[in-house]
Amino acid sequence: MTEIIWIIAAYLIGSIPFGLVLSKIFLGVDLRKIGSGNIGTTNVFRTGSKVLTLLTLICDMGKGVLMVALTNIYFPSLVAATAFAVLIGHNFPIFLKFKGGKGFATTFGYFAYFAPPAFFMFGALWILVVLTFSYSALGAITTLILMPFVFWFGTSLPLGIKVFFILTSVLGLARHQSNFKRLFKGTESKTDLSKFIK
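Heads up, the sequence shown is in our numbering, so the first residue is 4 and it goes up one at a time.
Do not rely on the hints blindly, as some may be mistaken.
To be verified - List of simulated lysine to any residue pairs, SDA-like, C-alpha gap at most 20 Å:
#1 Lys193 x Leu131
#2 Lys36 x Leu99
#3 Lys193 x Ser137
#4 Lys36 x Glu191
#5 Lys102 x Lys53
#6 Lys188 x Arg178
#7 Lys53 x Leu174
#8 Lys36 x Ile11
Hints were generated in silico from the structure; no laboratory data involved.
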């Protein structure tokens with residue numbers, strides 16, 4: 004029973020829409036009504052606030068890392084399940100009628116926790132793709148496609164964690180279906196990452 008409560012708590016933590024909350028409080032903006040309508044970091048970036056973009060990224064990454072770190076202490080056998088529960092919460096938050104983000108920032112948090120070299124490698128890859136093509140979604144899709152291979156063949160993580168990253172990749176790519184279509188049609192919103200660096 005305790006384990007079930009823990010997984011539910013992980014889902015609820017994942018369901019907290021930090022981007023939406025922060026943008027509403029500090030900018031008076033409803034992310035669902037601007038840009039892509041998504042509640043994640045990329046759409047916060049479209050508000051023009053570098054501070055809130057960075058804060059949203061940290062919070063969305065951090066909620067997964069926090070729950071996994073605590074799980075590793077109290078329920079080590081539930082690490083993979085907890086990580087996935089947070090991700091499901093972010094993508095399908097109960098607080099927003101199950102219409103949430105795409106989980107990419109939360110996934111990056113898991114990179115940092117489980118395999119720091121992968122965090123830096125995929126971070127550099129994402130930045131390179133976005134700076135080259137100006138599509139945040141293309142950077143995410145490229146990372147999600149490569150991710151299972153890197154974690155399966157390039158790490159010595161437990162089998163459960165490797166399977167978790169495969170499921171994460173499948174879910175992430177499924178959540179980016181609309182981006183796939185817009186990329187092929189040439190209607191995907193561009194992200195000028197250079198503005199954040201300046």
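Tested hints:
no.	hint	result
1	Lys193 x Leu131	14 Å, holds
2	Lys36 x Leu99	14 Å, holds
3	Lys193 x Ser137	5 Å, holds
4	Lys36 x Glu191	16 Å, holds
5	Lys102 x Lys53	25 Å, violated
6	Lys188 x Arg178	18 Å, holds
7	Lys53 x Leu174	28 Å, violated
8	Lys36 x Ile11	29 Å, violated
Hint check: violations occur at hints 5, 7 and 8; the rest are consistent with the structure.
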